[in-house]
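> Each chain, letter by letter, is given below.
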Amino acid sequence: MALQGLDLEVNEGEFFGLLGPNGAGKTTCIGIMTTRVRATSGTAIVAGADVRTEDVAVRQRIGVVPQRPNPDRSLNVRENLVFHAAYFGIPRETASARAVELLEQLGIGDRGESKVDQLSGGQQQRLMIARALIHEPRILFLDEPTVGLDPQARHALWDILRDQHSRGRTIVMTTHYMEEADRLCERVAIVDHGRLLTLGTTAALKAEAPGGTLVELTLDGAAAAVAEAVRSAPGVLRAEAAGNVLRVFSERGGEVIEPLLRAAQTHGRAVQNIHLSPPSLETLFISLTGRKLD
Amino acid sequence: MTDVATVPDRASVGRIFRALLLRDIYVARRELPYFLVRTTLQPLMFIVVFGALLPRMGFVRANYGSALLPGVLAVGLAFSSVQSVALPMVQDFGWTREIEDRLLAPVPMQLIVIEKVVVGIVQGLIAALFILPVARLIMGPIPALSVSNFGLVLLVTLLSASAFSTLGLLMGTAISPQQIGLMFSVIVAPMIFFGCAYYPWQALAVAPVIKYAVLINPLVYVAEGMRAVLTPDLPHMPLAAVMLALIAITALFWTLGFRSFTKRAIS
Numbered sequence: 000m001a002l003q004g005l006d007l008e009v010n011e012g013e014f015f016g017l018l019g020p021n022g023a024g025k026t027t028c029i030g031i032m033t034t035r036v037r038a039t040s041g042t043a044i045v046a047g048a049d050v051r052t053e054d055v056a057v058r059q060r061i062g063v064v065p066q067r068p069n070p071d072r073s074l075n076v077r078e079n080l081v082f083h084a085a086y087f088g089i090p091r092e093t094a095s096a097r098a099v100e101l102l103e104q105l106g107i108g109d110r111g112e113s114k115v116d117q118l119s120g121g122q123q124q125r126l127m128i129a130r131a132l133i134h135e136p137r138i139l140f141l142d143e144p145t146v147g148l149d150p151q152a153r154h155a156l157w158d159i160l161r162d163q164h165s166r167g168r169t170i171v172m173t174t175h176y177m178e179e180a181d182r183l184c185e186r187v188a189i190v191d192h193g194r195l196l197t198l199g200t201t202a203a204l205k206a207e208a209p210g211g212t213l214v215e216l217t218l219d220g221a222a223a224a225v226a227e228a229v230r231s232a233p234g235v236l237r238a239e240a241a242g243n244v245l246r247v248f249s250e251r252g253g254e255v256i257e258p259l260l261r262a263a264q265t266h267g268r269a270v271q272n273i274h275l276s277p278p279s280l281e282t283l284f285i286s287l288t289g290r291k292l293d
Numbered sequence: 000m001t002d003v004a005t006v007p008d009r010a011s012v013g014r015i016f017r018a019l020l021l022r023d024i025y026v027a028r029r030e031l032p033y034f035l036v037r038t039t040l041q042p043l044m045f046i047v048v049f050g051a052l053l054p055r056m057g058f059v060r061a062n063y064g065s066a067l068l069p070g071v072l073a074v075g076l077a078f079s080s081v082q083s084v085a086l087p088m089v090q091d092f093g094w095t096r097e098i099e100d101r102l103l104a105p106v107p108m109q110l111i112v113i114e115k116v117v118v119g120i121v122q123g124l125i126a127a128l129f130i131l132p133v134a135r136l137i138m139g140p141i142p143a144l145s146v147s148n149f150g151l152v153l154l155v156t157l158l159s160a161s162a163f164s165t166l167g168l169l170m171g172t173a174i175s176p177q178q179i180g181l182m183f184s185v186i187v188a189p190m191i192f193f194g195c196a197y198y199p200w201q202a203l204a205v206a207p208v209i210k211y212a213v214l215i216n217p218l219v220y221v222a223e224g225m226r227a228v229l230t231p232d233l234p235h236m237p238l239a240a241v242m243l244a245l246i247a248i249t250a251l252f253w254t255l256g257f258r259s260f261t262k263r264a265i266s
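Just so you know, the sequences run in chain order G and W. Sequence positions in the first sequence follow numbering that gives the first Met the number 0 and run 0 to 293. Sequence positions in the second sequence follow numbering that gives the first Met the number 0 and run 0 to 266.
Careful, some of the hints might be misleading.
[To be verified] In silico EDC-like cross-links for lysine to aspartate or glutamate, where the CA-CA straight-line distance does not exceed 20 Å: (1) Lys262/W <-> Glu97/W; (2) Lys114/G <-> Asp232/W; (3) Lys114/G <-> Glu103/G; (4) Lys205/G <-> Asp219/G; (5) Lys205/G <-> Glu99/W; (6) Lys205/G <-> Glu185/G; (7) Lys205/G <-> Glu227/G; (8) Lys114/G <-> Glu99/W; (9) Lys114/G <-> Glu78/G.
None of these hints come from the bench; they were simulated from the model. Remember, predicted model here, so these are calculated numbers, not experimental data.
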């Protein structure tokens with residue numbers, strides 16, 4: 000996935016989110032910042048070091064949680080942590096003590112001697128977080144850390160990340176879940192097709208969303224003519240068609256539904272479905288890209 | 000703004016290298032019995048049949064064992080080095096890319112790759128150390144065998160193990176996991192049969208085309224090198240030529256192997 004002019008700056012101690020649909024270039028972006036993907040052009044400075052010329056220094060200062068858990072399957076849970084710490088030059092005793100502490104903190108304190116394959120998906124993801132933290136990195140990178148987790152495991156992971164953030168750790172996370180970005184991140188960059196669409200605090204971004212509620216009507220045919228007709232109707236801020244779907248942003252929320260239904264009828268279209276979304280990062284994303292996140 | 004304090008100095012690079020090495024030794028140690036079976040069963044069977052049974056039956060001359068032993072040792076050494084590097088690499092770069100936790104270590108990638116090669120060399124040495132005494136036990140006294148040049152034996156062994164560890168690096172990274180089985184039957188088997196393991200190179204004078212064609216086979220230099228240092232009174236290639244060839248082969252496979260590793264490790 001190519002990135003084009005993706006200019007970002009993340010502050011120390013910040014919880015930063017990269018939000019975008021699958022294939023938006025988020026993983027490439029994390030890969031470049033963690034020195035695992037070589038950028039063909041441009042620069043990226045991570046914790047004061049250039050990813051291209053000072054890759055060793057970058058790796059010294061970061062912890063990485065991959066999208067798919069990739070533990071060392073030849074080692075057990077505790078060994079995964081102690082050896083990883085050793086790859087950072089941390090003495091065994093220090094690492095062992097820290098491993099116990101981290102596993103406890105992440106709620107898998109009793110799994111230290113387990114084989115990695117005996118862990119559930121959520122537990123493996125926690126092991127990945129423990130591994131990323133064992134060498135006390137300044138920045139923690141997480142690539143879609145909650146994909147494939149059940150809701151309970153996801154909420155537990157959110158608590159862990161909030162806790163890390165409150166301890167002053169800088170966190171950069173990618174996600175394609177709006178809710179996740181909204182709940183955790185201080186600032187969010189919305190990316191799609193390798194480009195930065197918008198950037199700001201979650202509150203500012205929500206304010207940026209084209210005011211009001213998003214009303215979506217699924218019709219039994221092309222919605223273009225209906226969109227044209229309702230554009231100037233009272234209470235309608237914006238109206239557009241995406242195939243059979245009519246999208247209207249309205250200040251009055253549900254009140255516009257009746258005129259919309261009438262307009263559809265006038266153009267010989269039947270309404271198959273109606274969906275209302277309050278202003279959110281989701282509605283902002285739809286207004287920016289004309290499509291949904293997942 | 001570069002925070003120099005967190006950049007590892009040379010001492011900790013050494014420490015990290017040791018940690019990488021410890022990990023592989025720790026994992027390999029658990030598999031030592033399987034490792035020995037995998038790498039030495041075939042050479043040992045060869046010794047039983049060609050070094051002990053056939054001479055007694057009178058099908059080969061009694062001194063065939065002297066020509067055979069260095070070659071068998073060469074095969075055991077070479078292929079334990081190749082396998083020790085190539086096979087774990089398949090898992091490392093497999094579905095979940097387990098090597099990722101080492102690729103995130105704050106050291107230049109060369110160090111990670113050198114460590115893999117060193118592990119291959121160590122395992123080649125272990126295989127050789129295991130095969131030699133067992134072979135001697137099975138075959139009985141070998142008149143021409145001399146280990147008086149221990150330094151040279153060690154040097155040839157190290158160079159041979161380096162050549163085949165770097166070959167393992169190339170094979171493990173350049174060949175897809177699905178084809179790793181094919182690799183052994185298509186590359187390894189011909190290499191053994193045309194590797195001068197079971198006959199000295201000079202004896203190939205009976206078939207001049209083959210004699211010069213086999214020179215592209217790295218195993219030839221390992222086998223001839225073993226002959227030069229273990230049975231120096233029997234026909235063998237000049238030791239200096241063998242060493243030069245092994246150094247050149249190591250350099251070539253290292254260059255190709257490292258390039259191939261980098262391609263797999265960084266996208």
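> For every hint, state whether the structure bears it out.
Comparing the hints with the structure gives:
{"no.": "1", "hint": "Lys262/W <-> Glu97/W", "verdict": "holds (16 Å)"}
{"no.": "2", "hint": "Lys114/G <-> Asp232/W", "verdict": "violated (54 Å)"}
{"no.": "3", "hint": "Lys114/G <-> Glu103/G", "verdict": "holds (17 Å)"}
{"no.": "4", "hint": "Lys205/G <-> Asp219/G", "verdict": "violated (31 Å)"}
{"no.": "5", "hint": "Lys205/G <-> Glu99/W", "verdict": "violated (37 Å)"}
{"no.": "6", "hint": "Lys205/G <-> Glu185/G", "verdict": "holds (13 Å)"}
{"no.": "7", "hint": "Lys205/G <-> Glu227/G", "verdict": "violated (26 Å)"}
{"no.": "8", "hint": "Lys114/G <-> Glu99/W", "verdict": "holds (18 Å)"}
{"no.": "9", "hint": "Lys114/G <-> Glu78/G", "verdict": "holds (10 Å)"}
Of the numbered hints given earlier, the model fails hints 2, 4, 5 and 7; all others are met.
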